[in-house]
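The hints should help you fit chain Z onto chain R, whose structure is shown.
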Amino acid sequence: MTGSALDGQLGGRKPVISDGGITVWLREDGIMHVKLPENAAIAGRHAAAAAETVRVVAAGNRYPLLLDVAQVKSVSRNARRVYGHPDTVTAYALLGSGPVDRVLSHYFLGAGPPHVPAQFFESEDQAVQWLGAYVEGS
Amino acid sequence: MRAVDHPDTRLAQLVEGIVKIADGELSTRIPASPARDELDAVIAGFNLMAGELAAAQAELEVRVTTRTGMLMDALRKMELMALTDPLTQLRNRSALETVLESSLATTAVNGAPAVLLLDLDSFKEINDSLGHGAGDTVLQIVAERLRGSVRKQDTVARLGGDEFAIVLQDTPVERARVVATRIVSALAHPMRVEDTSLTVSASVGVAIPKQDDSAVDLVLYADTAMYAAKKAANSKVAVFSPSLLSTRQMRSTLAAELRNAISNHEMVLHYQPIVEVATGRLIGVEALIRWQHPQRGLLMPDNFIDLAEEIGAMPAMAVWVLETALGCLRRWQQTLPLDPRFTMRVNISATQLQRPELLDDVQRILIMKDIDPRDLVLELTEYSMVTGNEWELYSLRGLRQLGVGLSIDDFGTGYSSISYLRTLPVDGVKLDKSLLGDTSETATQRPFIAAVLQLIRSCKLSATFEGVETWEQARMLAELGCDAGQGYYFSRPVPASGINAALLEDLLTAPWRTPGISSTTGLTLNVAAYPEEPVSR
Chain R
0 MTGSALDGQL GGRKPVISDG GITVWLREDG IMHVKLPENA AIAGRHAAAA
50 AETVRVVAAG NRYPLLLDVA QVKSVSRNAR RVYGHPDTVT AYALLGSGPV
100 DRVLSHYFLG AGPPHVPAQF FESEDQAVQW LGAYVEGS
Chain Z
0 MRAVDHPDTR LAQLVEGIVK IADGELSTRI PASPARDELD AVIAGFNLMA
50 GELAAAQAEL EVRVTTRTGM LMDALRKMEL MALTDPLTQL RNRSALETVL
100 ESSLATTAVN GAPAVLLLDL DSFKEINDSL GHGAGDTVLQ IVAERLRGSV
150 RKQDTVARLG GDEFAIVLQD TPVERARVVA TRIVSALAHP MRVEDTSLTV
200 SASVGVAIPK QDDSAVDLVL YADTAMYAAK KAANSKVAVF SPSLLSTRQM
250 RSTLAAELRN AISNHEMVLH YQPIVEVATG RLIGVEALIR WQHPQRGLLM
300 PDNFIDLAEE IGAMPAMAVW VLETALGCLR RWQQTLPLDP RFTMRVNISA
350 TQLQRPELLD DVQRILIMKD IDPRDLVLEL TEYSMVTGNE WELYSLRGLR
400 QLGVGLSIDD FGTGYSSISY LRTLPVDGVK LDKSLLGDTS ETATQRPFIA
450 AVLQLIRSCK LSATFEGVET WEQARMLAEL GCDAGQGYYF SRPVPASGIN
500 AALLEDLLTA PWRTPGISST TGLTLNVAAY PEEPVSR
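If you're matching them up, the sequences are chains R and Z in order. Numbering that gives the first Met the number 0 numbers the first residue of the first sequence as 0 and each following residue consecutively. Numbering that gives the first Met the number 0 numbers the first residue of the second sequence as 0 and each following residue consecutively.
Isolated chain R, as found in the complex (with noise of 0.2 Å):
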């Protein structure tokens, strides 16, 4: 998808799905959420195409950020490296449920780039509450 495609879709926060099935939104209470589909393996260009629609969505603001692997089948190399930019993102938070979400979080947090803090959950509350704080002007 096109960066003028994807302004078009932005206009009211609406869930904007990547190439590979990844959503992004924007929430209200300031956290970009990012969703990879269940049972789907993820390669380097999905992940491109997400961070693509992420750096959109942002508009050149800084969010936190809300990465849901839960059921995700697989994450290649590749697509954990393309994690996130710290020009667009002030925190990570993985959110997954079970022993292969952990595993393949930590993946994540071990591949993810330097100063910015990152975190695995097993709950979306948590999750947020600890993002809450990374929310500028917040």
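A few chain Z residues facing chain R, derived, Cβ under 8 Å:
hint : residue
1    : A31
2    : R35
3    : D36
4    : E37
5    : D39
6    : A40
7    : A43
8    : G44
9    : L47
10   : G50
11   : E51
12   : A54
Restraint-style ranges between C-beta atoms, simulated for each label pair:
hint : chain 1 : residue 1 : chain 2 : residue 2 : range
13   : R       : E27       : Z       : A57       : 38 to 48 Å
14   : R       : P112      : Z       : D22       : 28 to 38 Å
15   : Z       : L86       : R       : G43       : 47 to 57 Å
16   : Z       : D72       : R       : E27       : 53 to 63 Å
17   : Z       : A55       : R       : E27       : 37 to 47 Å
18   : Z       : D22       : R       : T22       : 34 to 44 Å
19   : Z       : M69       : R       : H114      : 24 to 34 Å
20   : Z       : R62       : R       : E27       : 42 to 52 Å
21   : R       : E121      : Z       : A55       : 28 to 38 Å
22   : R       : G43       : Z       : D135      : 49 to 59 Å
Interface residues of chain Z toward chain R, partial, derived using beta-carbon atoms under 10 Å:
hint : residue
23   : P33
24   : A34
25   : L38
26   : I42
27   : N46
28   : M48
Read the hints as simulated data drawn from the structure, not as lab findings. Cβ atoms here follow ideal geometry from the backbone N, Cα and C, with glycine treated the same way.
Chain Z only, in chain R's frame:
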């Protein structure tokens, strides 16, 4: 949760996967089950770790390949630097020797190499007169011309300074000589350096290996031949022969002996009278150095001055000459009725003029020997005065300020430019004997000599003719108003004891002053008294 009739094989798969990873199959992956339980988490972790391991290994391989390439590049560059002369980009001595050793080792298969060694004949003068930047440019142009004179398989190297060597692969001596001649011609073409057109000449030595000669031997042979080429008047190329080596060895022995000659009191000064031709009065002597060699007898300066320059013995020798000559002058001043104009004439070489210490040495010795600076005249060649650099000018001006007399020596053999006579800071000119011509030509030379003397007088300089050998010449000079004469007719060079009252007396009764009395024997008294002095100066 898996059904009971489907046994869970995931642990067995994990074990198998670990074995494969251990065997190096890093692409091994284990399928996850929909259960997403802890075992699936281990499987996910296994897959992720295997992926990381494969990626790390691939990155490592790329990095090792890149770094190895960089290291090899750096090594090649370092090797090239270690083997290359940075100024000319030619090979250096070490590289040349390696190439030569390799050629010598394969002579049976590839043919014998020839070695050419050359150096530039007047490179020091270029450096001194135009500066080291110009000297470097000359070396680069020479390097280019050398490269252009040989084949691709030949090796051209700069050994240091203005010395170059070439290894010609599979080249017999006749062919090597042709290449050497071609190189001499190539270098003789004028080159433009800093808006100055220069011509460089070189002497080339050629050597061909005998059995068991090493690279070092061959370079030494070529060097010996080059030295012979430099000494030869009619050839710029010489091929090595064993007899040259013995000449060189003799020269090395002589050099070692020369270093000790002063401390062994083997150096002596002889003095040749300078006579006022109008009156016969002794108005000076020229101090002439001789080497009383313990085995080879009395050696003339032609036999050792170049060597002394080469081995750096000249400064000490110049100081010794000044001390000895001025010491002698002091004794004569105290014991002989010398003419008030009597001067001690001492030769100073171009290289001595470049020594910053020269001025201090002259001043110190004048004071030490209690000599008035006006009683010392330093004789310099035209060449050293005309081509002088800043140091030489400094020395000349300083000597003038001291009050020391300066005279152009051997006028008529070098530049002989009339304009220099007017501009150089000198008091007198010593005319070379070649201007007098053959002793049989005295009459025909007369108008020419009259004109030269007129020219010198018009520049307000005194004229001394050297090489006066006959009564006719002395008579003619007296008639033409020449100030002074020097030569065998008056007296050969004599030891210090030969400058005595009897000589002064003899000169005053000189026959050339009496018209009509002809004599070709001159003042034979002095000639007979010192028979050991050879005929040539």
